[in-house]
Structures are given as structure tokens and as C-alpha cells.
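Listed in order, the protein sequences are those of chains Y and P.
Per my numbering: the first sequence = residues 1 to 232.
Per my numbering: the second sequence = residues 233 to 464.
By construction, these hints were calculated from the structure, which means they are not laboratory data.
Be a bit skeptical, because a hint or two may be false.
Stated by the list, open to error - Between beta-carbon pairs, the in silico distance windows are: (1) P:319 - Y:85: 19 to 25 Å; (2) Y:221 - P:319: 37 to 43 Å; (3) Y:154 - P:260: 48 to 54 Å; (4) P:246 - Y:154: 24 to 30 Å; (5) P:260 - Y:69: 31 to 37 Å; (6) Y:154 - P:374: 28 to 34 Å; (7) Y:188 - P:279: 55 to 61 Å; (8) Y:224 - P:301: 40 to 46 Å.
Predicted model, so just to flag it, every value in this text is computed and none were measured.
Ideal placement from N, C-alpha and C gives every residue a C-beta, glycine not left out.
There are 2 protein chains.
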Amino acid sequence: MSVNKALLLLIEDDPQFQMLLSTTLENQGYQIVTATTGKEGLIVVRNQQPNLIVLDLGLPDIDGQEVIRSLRKWSEIPIIVLSARHQENEITQALDNGADDYLTKPFSTAVLISRIKALLRRVTKIPGGSQEYFQVGEIKIELTKRLVLVGEREVSLTPIEFKLLSILIRHAGFVVTHRQLLEQVWGASYIEHSHYLRIYMGHLRHKLEADPARPKYLLTEAGVGYRLQDGG
Amino acid sequence: MSVNKALLLLIEDDPQFQMLLSTTLENQGYQIVTATTGKEGLIVVRNQQPNLIVLDLGLPDIDGQEVIRSLRKWSEIPIIVLSARHQENEITQALDNGADDYLTKPFSTAVLISRIKALLRRVTKIPGGSQEYFQVGEIKIELTKRLVLVGEREVSLTPIEFKLLSILIRHAGFVVTHRQLLEQVWGASYIEHSHYLRIYMGHLRHKLEADPARPKYLLTEAGVGYRLQDGG
DNA sequence: CTTCTTCTTTACGAAATTTTAACGCCAAAC
DNA sequence: GTTTGGCGTTAAAATTTCGTAAAGAAGAAG
């Protein structure tokens, strides 16, 4: 039910091990993205900005220690290192380079999960990344604060209304089909219930539009879906 | 507070081992205070407010896990656990109770030092991590003194109330989900018990708000969580 | 042992949200 | 002119979520 599911990046070249960890962590409610090389990992970090990185030291292209160092030049994303090597200086080096934790293989997945939780607990005390917002015309939505503004006015939305608006504003300027909206807000089994959309679009217009009957932002694409754009 | 002058509390009942660790860590430039029992440790934490705690799980008086739990009722001080036991559930339990790291004996002191550095690095980066107090509107909370003020009036809170308020005020302006609150105040196994939140939010409103029925600060986000904000 | 504080549990009414249902509008098709 | 299908609005019932009070349980302090 929780809206905030952390996004984890798993950098691991062994496909079988990667799959095992992915499914385990997904079962814990995390979102997972993966990379199989150091270079790919660094790119994914830039693009997706995960909340935490699980990094295997033994990578085919770059030395894992080097991955940590390059990451730490510009990012403070928490890093948990996995490694088959359990030499002292390997561990201290990884930590001194900027890693937050180090597990030697073989390890228990339960322990990994608890360590991920512990680290996220520490880090999410930071209200950072707070500037993530979308804006279309006068409508501004701050996802992390879960706050919606129309001009200066603060508008309070119900969970469904908020989810609906989030999806529309992410695709601002483009049509989002009925099917997409129903599937993402209510779930795949609600694809038939397209009258839900009419009701909630009505709510949103009522709360966000100056003249709900003649919407400026929340536009109808008859037979297709809805589109959010500044139709001023 | 420079990292090198950080004050570490070492809770360890074996005098010889305590001495060994003390001198090693002092050589690293840390200030050290020690305690040999759980009770003593808890007192020292209150009096000296160390920057980090190294806690041996095997204590003569209280169970080490219990020490972690009681600490976490009112303090966010980072904790590294040492233990001879390396059973999985012992580790996960300690981490889930709120510890940040876990080392099994025997361990290398070099690794311990690197882990201390890593944890201190992480913690001092958190804006407000070492902050003495937070303020939102008339509500002011002094973490180290464990003091809460509404204007000039001093308000006394129970441990759970204090914990709840400090989480909310650290995220002032942001919605904190039920899940986050339950997990951080009561622990991961209480995620279902969301009625606890209603009861304690009620207590907080009663103690902090001018009109508890129409809260100005402690706002409800129905279906999602709560938010502390100057809603004047 | 008693007292006090705090936490947990239970119960119930109120409020907010979601779902269901019904009706009117309009434009295109027959 | 009537029908039809997509859309918008409104109102209500049903469900979920919230807030409060109060009593029992567990611990700490004296």
C-alpha cells in the first residue's frame, strides 16, 4: 500500500546470482534495476538515480574499487559491496573509498535485506532529492512532498486523485489512454471500468481548474484518453 | 564536529578487550568513553552524547538487543554491534532493532576502524543529522536535551511520542507514510498496527496543538500518512 | 508491595474516500 | 426525429480510514 518503494540498483555480472537476488529483493517490496558491468552501472545510476546500490566487486570490465571511487566523485548514493574476497585490505579499501557496507560471499539473503533496510533507514532521514517536481502552467506537483499547488494555493488530493494526476503530469503534453490510466491507478482488472475515469477526472478538474466545465489543463481526447497540457 | 575528534562509546564487559580497542581507537584520533554494562552504557549515552556507539552484544546485565531497542526509543546515535555469535537471526534482529552495522568476532581492528569511519561519514552528511534542534512554527524540539517546547511552554513527551515527533519534524513539510513511521518507531513487525499511529498522533496533538481537533501542525494525509508543517 | 507512568489493547462513533447508481448532455448515425 | 455511444455531473451507499476514550498490562520507581 505504501507509495514509496525504494529503487535498488544491482550491479552483478553473474546472471544466475543476479536473478536470485532480484526476485528476493522484489519480494521485499523493492523496485529493482540491474546492470552487469561497471560502465553500465554508472550509466544507470545517472539515468535512474536509485536509492541504493548493491555492487559486486568482481566485475568483468572495471575494478569494483574504481567504480566506488568514480561514483563518489559526484554521488552520495549508499553502496553495499558484495565480494567473494574477504581479505582485510580489500574490505577496508572499499569502505575507505566510500562504500557504506561490505558483505563477503557466501552471505545470507536475510542479512543482506536487514543491512539494506538499516542503510536506507539512515539515509532516508535526508529529505534530499526534494526538488523533484513537475509543473504545467500554474499546476505544480511535488512528488516527494506529495504536495499539489495551483499557483500559490495548496490543493489536497485523495490517493487516487494524486496517482492519476502524477501519471498525467509525467506524460504532460501527450495523450494517456484510458487503458493505461486504469491499469496504473486501479490495476489490470479494472480496464473495463472507464466511468471511474470520468468521475475522477471530474474531481481533478473541480479542484484544479478555474472553470471545471471548460478545462484549460485536463483535456479530453474523445475515444482515446486524457491529456494534461497548458491549453491556455 | 570534526570526524576525527568524534566521541565514541565502547560498551564491552571484557576489560582486556575493552582496553585493546580503546587504545587502538584512540590512536586513530577518537575520543573514547567506556561502559561495562548495558545500564551503565545507557546512562553514559545520556550524559555524554557520544557520536557513535560500539556495542558488544554479550553483556552481563541486559540483553544487548534490549540495549539497542531502548536506545532507539529516543536516540538516533549510530550503533555498531560486536558479537561472538554469528547466527543469522541474531544479526538481522540487531539490525532490525535499529543497529547500523554488525561485526562477528574475531574481526580485524582495521575493518572496525573503516566501518566506524564509513558510518560517521554517512551520518555527518545528513543535514540535521547532527543538528541540535528543529523548529516548525511554535514547536521546537531539542534532540540532545530531549526537550520539546511550544512557544515558551515546556511539554513533556513519552519516549514513543518523542520518537514520533522527531521523525516528523526531521521531515518537516514532507508526508511521512504510515509504513515509515511504524517501521522506525515500533519496528518492522508493526507495519500492520496503523491504529497505534492514530492513538499517538492524538496524544501529540493534545499536547502540542492549541485546538487538537483542528490541528495546525500535525496534519493527516488520509490513506497515506502524516505531515508536520506550519499550516497556519 | 504500592504507586506511578507508559504502553498496549479494545471499542465505537465520525469523517473521508471509494464505489455504485442514476440522469442529462451532445454529436454522430440511422 | 429518434437512437446510440461517449462523456460529464450529481447523489447515495458502502467501505475504509481516523480520532477518541477508557480500561487492562507491563515496567520503573520508591
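Exercise for the section: Go through the numbered hints given earlier and state which of them the structure violates, listing their numbers in rising order. Expected result: Numbers 2, 4, 5, 8 - these are the hints that the structure violates, sorted from lowest upward.
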